[in-house]
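Visitor: Okay, here's what each chain looks like letter by letter:
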Amino acid sequence: MSKTLKILNNVQELDTGSSCNWCPGCGDFGILLALKQAIFDLKLDPESVMLVSGIGCGSQAPHLIKVYGFHSLHGRTLPVATAMKLANNKMTVIAIGGDGDGYGIGMGHFIHAARRNFDITYIVQNNQVYGLTKGQTSPTSEHGYKSKTTPEGVIEPMIRPIALSMTAGASFCARGFAGDIMYLKELIKAGIQHKGFSHIDVLQPCVTFNKINTYQWYQQRIYKLSDVEGYDPSSRTMALEKAEEWGEKIPVGVYYKEDRWTYEDKLPMIAEKPLVDHSIENIDIGPAIESYF
Amino acid sequence: MENLAVYKHLSWLVGGEAGYGITTMGQMFARACSRAGLNVFGYAEYPSLIRGGHNTAMITVGSDKVHAHSNKIDILLALNEDTLNKHLGSMSEGGVVIYDDESLNWDETSNLGLTWVSIPLARITKELEAQKIMRNTVALGASFAVMGMDFSFVSNVLETTFARKGQEVVDFNVKVAKAGYDHVNSNDLAANFKKAIPLPESAKKQIVVSGNDAIALGAIKAGLKFMSAYPMTPATSIMQTVAKHGVKYEIIMKHTEDEIAAMNMAIGASHMGVRSMTATAGGGFSLMVEALGMAGITETPLVVAMGTRPGPSTGLPTWTDQGDLRFVMHASQGEFPRIVFLPGDVQESFDMTLRAFNLSDKYQMISIVLTDKYLGESVQSVEPFAATDYVPDRGLLMSTSDAAAIEDGSYKRFEFTENGVSRRAVPGMPNCIYVASTDEHREDGDLDEGSENRIKMVDKRAQKIVSLLNESLKPDEMIEIHGPADANLTIVSWGSTKGPILEALDAANTEGLSVNFLQIKFALPFPSDAVSEVLNAAKKTLLIETNSEAQMGGVIREKTGVKIENTFLRYDGRPFHPAQILDKIKESL
Ligand SMILES: Cc1ncc(C[n+]2csc(CCOP(=O)(O)OP(=O)(O)O)c2C)c(N)n1
Ligand SMILES: [Mg+2]
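Here the protein sequences line up with chains A and B, keeping their order.
Read left to right, the first sequence gives residues 14 to 306 (my numbering).
Read left to right, the second sequence gives residues 35 to 623 (my numbering).
Among these hints, one or two may not hold up.
[To be verified] A partial selection of chain B residues facing chain A, derived with a Cβ cut-off under 7 Å: (1) 303; (2) 434; (3) 572.
[Claimed, not checked] Distance condition first, Cα-Cα at most 20 Å in a straight line; then the derived SDA-like pairs of lysine to any residue: (4) 282(B) with 220(A); (5) 278(B) with 159(A); (6) 279(A) with 438(B); (7) 16(A) with 432(B); (8) 103(A) with 438(B); (9) 159(A) with 220(A).
[Said to hold, decoys possible] Output of the computed footprint for chain B on chain A, the stretches with three or more beta carbons under 8 Å from beta carbons of chain B: (10) 43–57; (11) 98–105; (12) 182–188; (13) 210–221; (14) 256–266.
Hints in this document: simulated from the structure, not taken from any laboratory.
We put the beta carbon where it would ideally sit given N, CA and C, even for glycine.
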């Protein structure tokens with residue numbers, strides 16, 4: 014599939030004009046803006062970008078950015094997105110979905126996608142609640158968090174997404190904040206440019222349902238890893254230590270980055286060209302049936 | 035007195051513990067017979083265990099087509115006492131038992147009217163300084179001597195089987211097999227066995243292949259580029275066969291973390307424009323169900339091979355059943371069209387898979403190829419697959435230049451059209467940016483919950499099945515009448531029961547009974563008119579299925595209004611065998 018490259022003149026060209034049902038002040042707006050800016054800054058051809066989401070408030074994103082989009086099932090963002098990369102590895106594949114989507118129902122896929130180190134970027138809109146279904150507890154809700162499904166407070170401890178993706182084998186693990194769009198944009202750009210599975214957990218206030226982890230709450234706690242003297246994202250020990258940090262202080266930035274082979278690197282079938290460009294005419298099954306005589 | 039017409043074939047059965055190499059032995063025997071020009075059908079039974087437990091492979095051979103296994107054994111190769119205990123009762127008159135009386139604790143060899151061929155398998159193996167497992171090779175040689183067949187067929191198969199390991203290994207295997215062959219002949223052990231199968235003058239070239247492998251090979255021929263699956267009996271060999279040929283045919287076969295991922299990945303890859311599939315059994319299909327609907331609403335073509343085994347839940351993992359017909363027909367919430375193919379034998383498994391890829395692409399629809407343990411894991415000799423005239427039909431999939439000719443911003447992925455099928459651009463193409471969504475959407479893919487749009491979209495998707503019937507699927511492809519056009523009894527069935535029915539049908543008509551067989555080849559869309567016509571003209575009908583609820587009977591009643599009174603159902607996990615169907619035919623007439 015060869016086509017002429019399209020260059021955007023301004024970021025507004027990525028607008029679809031579709032209406033959006035996010036609440037005013039929702040962190041999803043910040044993430045959407047950062048993502049659009051990142052695509053624009055990197056001069057990506059929107060026709061070569063595949064944006065895949067699951068189901069949740071944030072998963073409406075593909076309807077709001079003029080790139081190829083797939084709005085899949087709750088929790089299945091990653092299987093769909095990773096297979097898309099395998100089918101056409103020339104595309105820039107970006108997966109986006111909620112914390113419930115990725116760390117709850119889709120957790121198994123998350124771990125395995127990280128381990129396989131597909132060259133895709135995975136942005137998690139982590140608002141620590143189930144937004145679309147009206148505010149229930151999510152796997153990243155803090156211990157003791159009260160919601161309609163946990164009226165007495167969450168019993169289990171919250172999961173640590175960065176520690177999970179990192180130990181599973183992701184080669185780029187970062188965390189951003191929806192309230193700092195410029196910084197988030199840079200993280201997304203770095204994630205897209207990184208060759209391998211780039212996991213970007215985005216702390217995102219839910220103004221309607223999450224009355225605890227608000228913009229203000231985050232602003233008081235967040236600090237940048239890039240401002241920490243001596244912090245080395247190639248160090249697994251440093252990264253793991255930071256991945257555990259939550260409470261008084263919450264780090265954002267690139268926690269971990271490693272150069273390693275991607276899943277696609279090891280596939281001779283796509284060494285020359287993407288699967289989608291292979292001809293399927295006149296396939297000779299002679300060699301395949303030889304062993305049956 | 036047994037019925038000679040049914041038992042005109044010769045059946046060889048090897049039995050032993052799991053881990054004894056029973057499957058490999060069965061394959062080698064089947065291939066050796068096939069190379070001699072005989073037709074073969076190989077059926078294996080094994081429990082859900084890796085070691086221990088009783089395993090058998092039955093190879094039925096004949097000079098004409100063999101459609102099924104037999105309930106009678108002509109040559110029993112017993113590798114342990116258990117095999118004798120379990121199978122002596124199924125021996126045909128004058129049959130031969132090959133066993134090692136030095137190793138087995140067995141004395142009662144006199145009174146059964148059988149020929150007992152005692153051969154010291156273990157001792158011969160030891161004397162030749164061969165590994166213990168190679169007693170199978172001795173026994174293979176002995177089997178061919180008993181059948182009075184030339185040793186060259188055995189050496190020939192050993193040669194190709196071991197060629198990759200070098201001439202020395204080949205020679206050694208041939209030597210070991212020859213020892214078994216010679217032992218039988220020089221002691222004239224099988225002199226009493228009279229059941230010779232005439233060999234053809236010149237052996238036609240044929241392959242011995244399972245239904246599962248036929249599906250895998252069909253998919254490869256069709257241009258499969260991506261498969262994602264998770265192992266589950268009886269479908270596992272489909273993914274393994276595709277994986278084996280992955281590098282050569284440039285196909286990515288991904289063993290996923292579960293069947294949910296398998297299905298979602300297959301859809302993701304297909305959406306990007308490559309031919310893609312998954313394969314599973316009922317349990318895995320249960321996990322795929324939600325995503326099946328995603329393919330439905332995003333109008334993504336996809337081929338799913340589904341091999342059933344008895345449920346519910348884990349059920350009888352290594353046995354056979356047709357209990358998932360209704361499940362695949364209705365699985366997933368909501369209403370959306372799908373095609374359900376019902377192959378009845380190895381050749382149809384291959385042909386229907388090829389067809390499935392074309393129809394899925396053309397109608398941007400899911401195709402399910404429904405098979406089962408009996409068909410999927412049994413082997414049959416068939417003419418070598420080639421399908422050289424096969425042309426992949428990608429329907430309304432656009433090329434990059436088609437897309438480039440479209441005015442940017444005007445493309446509608448889900449455009450309303452007369453036959454319900456819309457032009458398909460895939461991501462990466464110029465000028466056609468769109469979103470595919472599992473939420474209800476407008477023609478351009480954007481979300482719309484409005485009533486007018488909803489009705490149009492439901493109708494659009496439904497229209498595709500109407501168009502499929504009008505344009506592509508003809509009644510003579512959807513049903514087949516076997517036997518005389520006009521008969522006193524019409525058997526109605528589908529899927530893997532075809533084999534045993536054809537055997538019984540042949541026997542019945544040879545005996546002068548008047549029976550035919552309506553084979554239903556599609557569950558969806560259902561060939562209502564064609565089935566109605568046959569059933570309304572039939573004098574007497576008999577429904578045969580391997581399930582307890584007569585599911586196809588229910589479908590027929592729903593779609594045609596015809597209730598089939600007589601049913602013959604088997605649901606113990608075992609396939610029907612021809613003799614019991616013949617008995618039922620006689621009882622029904
Ligand atoms: C299989 C399945 N189970 C449940 C739902 C209902 N559901 C839709 S979105 C959602 C949770 C959304 O939470 P999250 O993924 O965090 O996204 P958010 O809305 O917070 O952005 C649930 C449970 C569904 N759509 N599918
Ligand atoms: Mg959420």
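Visitor: Does each hint hold? Answer for all of them.
Guide: Structure-based check of all given hints:
1. Satisfaction of the interface hint for residue 303(B) is found here, the shortest Cβ-Cβ separation to chain A being roughly 4 Å, below the 7 Å cut-off.
2. Residue-level restraint check for residue 434(B) holds (minimum Cβ-Cβ distance to chain A is 5 Å; threshold 7 Å).
3. For residue 572(B), the interface hint is violated, since its Cβ never comes within 7 Å of a Cβ in chain A; the closest pair sits about 39 Å apart.
4. Proximity of residue 282(B) to residue 220(A) is assessed by CA-CA distance (about 54 Å); at most 20 Å being required, the pair is judged violated.
5. Proposed proximity of residue 278(B) and residue 159(A) is contradicted: the alpha carbons are some 52 Å apart, above 20 Å.
6. A hinted pair counts as satisfied when its Cα atoms are at most 20 Å apart, and residue 279(A) with residue 438(B) does not qualify at roughly 33 Å.
7. With a C-alpha separation of about 14 Å, the suggested pair residue 16(A) and residue 432(B) falls inside the 20 Å cut-off, and the hint holds.
8. Only pairs whose Cα atoms come within 20 Å are accepted, and residue 103(A) paired with residue 438(B) is accepted, the gap being roughly 18 Å.
9. Under the criterion of a C-alpha separation no larger than 20 Å, the hint pairing residue 159(A) with residue 220(A) is consistent with the structure, at around 16 Å.
10. Coverage of the region 43–57 of chain A by chain B is violated. Counting CB-CB distances below 8 Å, 0 residues qualify, and the rule asks for three or more.
11. Coverage of the region 98–105 of chain A by chain B holds [criterion: at least 3 residues with CB-CB distance below 8 Å; count 5].
12. Interface restraint, the region 182–188 of chain A with chain B: violated (0 residues with C-beta to C-beta distance below 8 Å; minimum three).
13. Counting residues of the region 210–221 of chain A whose beta-carbon sits less than 8 Å from any beta-carbon of chain B gives 0, not enough to reach three: the coverage restraint is violated.
14. With 0 residues bearing a CB less than 8 Å from a CB of chain B, the region 256–266 of chain A misses the requirement of three and the coverage assertion fails.
The structure fails to meet hints 3, 4, 5, 6, 10, 12, 13, 14 from the earlier list, while all remaining hints are met.
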